[in-house]
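K.L.:
Add chain S to chain W, keeping to what the hints say.
There are 2 protein chains.
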Amino acid sequence: MSNEPIALDEALASFDALWSPRIVARVNDYDVRIAKVAGEHLWHVHDDTDEFFLVLDGELHIAMREPSGEHAVRLPKGAVFTIPRGTEHKPSAPAGATILMFEPSGTSTVGDRHDMVPDHIDATTGHALTDR
Amino acid sequence: MSNEPIALDEALASFDALWSPRIVARVNDYDVRIAKVAGEHLWHVHDDTDEFFLVLDGELHIAMREPSGEHAVRLPKGAVFTIPRGTEHKPSAPAGATILMFEPSGTSTVGDRHDMVPDHIDATTGHALTDR
Numbered sequence: 001m002s003n004e005p006i007a008l009d010e011a012l013a014s015f016d017a018l019w020s021p022r023i024v025a026r027v028n029d030y031d032v033r034i035a036k037v038a039g040e041h042l043w044h045v046h047d048d049t050d051e052f053f054l055v056l057d058g059e060l061h062i063a064m065r066e067p068s069g070e071h072a073v074r075l076p077k078g079a080v081f082t083i084p085r086g087t088e089h090k091p092s093a094p095a096g097a098t099i100l101m102f103e104p105s106g107t108s109t110v111g112d113r114h115d116m117v118p119d120h121i122d123a124t125t126g127h128a129l130t131d132r
Numbered sequence: 001m002s003n004e005p006i007a008l009d010e011a012l013a014s015f016d017a018l019w020s021p022r023i024v025a026r027v028n029d030y031d032v033r034i035a036k037v038a039g040e041h042l043w044h045v046h047d048d049t050d051e052f053f054l055v056l057d058g059e060l061h062i063a064m065r066e067p068s069g070e071h072a073v074r075l076p077k078g079a080v081f082t083i084p085r086g087t088e089h090k091p092s093a094p095a096g097a098t099i100l101m102f103e104p105s106g107t108s109t110v111g112d113r114h115d116m117v118p119d120h121i122d123a124t125t126g127h128a129l130t131d132r
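So the protein sequences, as listed, match chains W and S. Number 108 in full-length UniProt numbering belongs to position 108 of the first sequence; there are no gaps in the numbering. Number 22 in full-length UniProt numbering belongs to position 22 of the second sequence; there are no gaps in the numbering.
For reference, chain W alone in the conformation it holds in the complex (with noise of 0.2 Å):
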């Protein structure tokens, strides 16, 4: 992991692909990523961890399915919100964001029970910052 600074404008200039998070810092063992996303992720738990969102850029959608039903919320730029762990969730950006996330390292963009997996999701951990 890099020892100087990252900016985020260059690190996303680095990199096309949608759903498809990069990992440009770690704190202890938690992973700070990034990611461009446009259209619909696929409804996904994480079991054993919450998930953190910070809007970069765009609107972030998340719909969530709890006992009292489904409902969703729509994260603006500049927004954060944490989906609790066991919260089934699906994200969505119709018109594109960019996004940064921490969770725990080894958490994976698919959670571990979800919906099959689309062509254009990229079930990970999170990439290197390679083109660096």
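Do not take every clue at face value.
Intra- or inter-copy, both count: the list cannot distinguish identical chains.
List time: in silico SDA-like cross-link candidates among lysine to any residue, alpha-carbon distance up to 25 Å [said to hold, decoys possible]:
{"id": "1", "residue 1": "LYS77", "residue 2": "VAL117"}
{"id": "2", "residue 1": "LYS77", "residue 2": "ASP112"}
{"id": "3", "residue 1": "LYS77", "residue 2": "ASP48"}
{"id": "4", "residue 1": "LYS90", "residue 2": "PHE15"}
{"id": "5", "residue 1": "LYS90", "residue 2": "GLY106"}
{"id": "6", "residue 1": "LYS90", "residue 2": "ASN28"}
{"id": "7", "residue 1": "LYS77", "residue 2": "MET116"}
{"id": "8", "residue 1": "LYS77", "residue 2": "HIS114"}
{"id": "9", "residue 1": "LYS90", "residue 2": "ALA7"}
{"id": "10", "residue 1": "LYS77", "residue 2": "ASP47"}
{"id": "11", "residue 1": "LYS90", "residue 2": "SER20"}
{"id": "12", "residue 1": "LYS77", "residue 2": "LEU42"}
{"id": "13", "residue 1": "LYS77", "residue 2": "ALA13"}
{"id": "14", "residue 1": "LYS77", "residue 2": "ASP115"}
{"id": "15", "residue 1": "LYS90", "residue 2": "THR130"}
{"id": "16", "residue 1": "LYS90", "residue 2": "ALA17"}
{"id": "17", "residue 1": "LYS77", "residue 2": "ARG113"}
{"id": "18", "residue 1": "LYS77", "residue 2": "ALA7"}
{"id": "19", "residue 1": "LYS77", "residue 2": "PRO67"}
{"id": "20", "residue 1": "LYS77", "residue 2": "ASP119"}
{"id": "21", "residue 1": "LYS90", "residue 2": "GLU4"}
{"id": "22", "residue 1": "LYS77", "residue 2": "THR49"}
{"id": "23", "residue 1": "LYS77", "residue 2": "ASN28"}
Keep in mind the hints are simulated off the structure, nothing from the lab.
P.N.:
Same frame as chain W, now just chain S:
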């Protein structure tokens, strides 16, 4: 902790204190904190945890004392950096900055070992966003 998204600009508008982080989200046993900073913090060390910084606005400098000597990094807006555990460091922001931090809940702003805490520094594990 809120179960609704929080807009960082609104959260930042809710307080004026410098070097006095507000907790905007929790992720497992970690906090996401935001702070307004200007001038100098103090030399301190977190013996048992890394500390992550994202600069939301302005420019943050972080001086570090390492075996190879003292040096500093500059983080402009949009830059990220992790201070490794055990590294003595002193943040400063000559022209002011707003920052986001990620660290274990209960981590003190002045670390486990530190210089005498000057009046303008808030020795805290983070405050709730009480004005919301």
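K.L.:
Give a verdict on every hint.
P.N.:
Okay, the hints, checked on the actual structure:
Proximity of LYS77 and VAL117 under a CA criterion of 25 Å is satisfied in neither setting, with 27 Å inside one chain copy and 36 Å between copies. For a Cα distance limit of 25 Å, the shortest separation of LYS77 from ASP112 qualifies neither inside one copy, at 28 Å, nor across copies, at 35 Å. Neither within a single protomer nor between protomers do LYS77 and ASP48 lie at most 25 Å apart by alpha-carbon distance, with minima of 27 Å and 33 Å respectively. In the homo-oligomer, the alpha carbons of LYS90 and PHE15 lie at most 25 Å apart inside one protomer (23 Å), although the nearest pairing across protomers, at 33 Å, exceeds that limit.
In this assembly of identical chains, LYS90 and GLY106 lie within 25 Å of each other by CA distance solely inside one copy; the values are 19 Å within and 31 Å between copies. With identical chains, the CA atoms of LYS90 and ASN28 are at most 25 Å apart between copies only, with a shortest distance of 20 Å across copies and 27 Å within one. In this homomeric assembly, LYS77 and MET116 never come within 25 Å of each other (Cα to Cα): the closest approach is 29 Å inside a single copy and 39 Å across copies. For the identical chains of this complex, LYS77 and HIS114 are neighbours neither inside a copy (27 Å) nor across copies (36 Å), given an alpha-carbon limit of 25 Å.
For a Cα distance limit of 25 Å, the shortest separation of LYS90 from ALA7 across copies, 21 Å, qualifies, whereas the shortest one inside one copy, 28 Å, does not. Taking the closest pair of Cα atoms, LYS77 and ASP47 never come within 25 Å of each other, the shortest separation being 27 Å inside a single copy and 34 Å across copies. Taking the shortest Cα distances, LYS90 and SER20 sit within 25 Å of each other inside one copy (15 Å), while across copies they are farther apart (35 Å). In this assembly of identical chains, the alpha carbons of LYS77 and LEU42 lie at most 25 Å apart only when taken from the same copy (22 Å versus 32 Å across copies).
Proximity of LYS77 to ALA13 under the C-alpha cut-off of 25 Å is found in both arrangements, the shortest distances being 18 Å within a copy and 16 Å between copies. In the homo-oligomer, the alpha carbons of LYS77 and ASP115 never lie at most 25 Å apart, since the shortest distance is 28 Å inside one protomer and 38 Å across protomers. Proximity of LYS90 to THR130 under the C-alpha cut-off of 25 Å is found in neither arrangement, the shortest distances being 28 Å within a copy and 30 Å between copies. Only within a single protomer do LYS90 and ALA17 lie at most 25 Å apart by alpha-carbon distance; the minimum there is 19 Å, versus 37 Å between protomers.
Neither within a single protomer nor between protomers do LYS77 and ARG113 lie at most 25 Å apart by alpha-carbon distance, with minima of 29 Å and 37 Å respectively. With identical chains, the CA atoms of LYS77 and ALA7 are at most 25 Å apart both within one copy (18 Å) and between copies (8 Å). Taking the shortest Cα distances, LYS77 and PRO67 never come within 25 Å of each other, neither inside one copy (28 Å) nor across copies (40 Å). Neither within a single protomer nor between protomers do LYS77 and ASP119 lie at most 25 Å apart by alpha-carbon distance, with minima of 27 Å and 35 Å respectively.
In this assembly of identical chains, the alpha carbons of LYS90 and GLU4 lie at most 25 Å apart only when taken from different copies (16 Å versus 34 Å within one copy). Taking identical chains as interchangeable, the C-alpha atoms of LYS77 and THR49 lie at most 25 Å apart only when both belong to the same chain, with a minimum of 24 Å there against 29 Å between chains. Taking CA atoms no more than 25 Å apart as the test, LYS77 paired with ASN28 passes between copies only; the shortest distance there is 23 Å, against 27 Å inside one copy.
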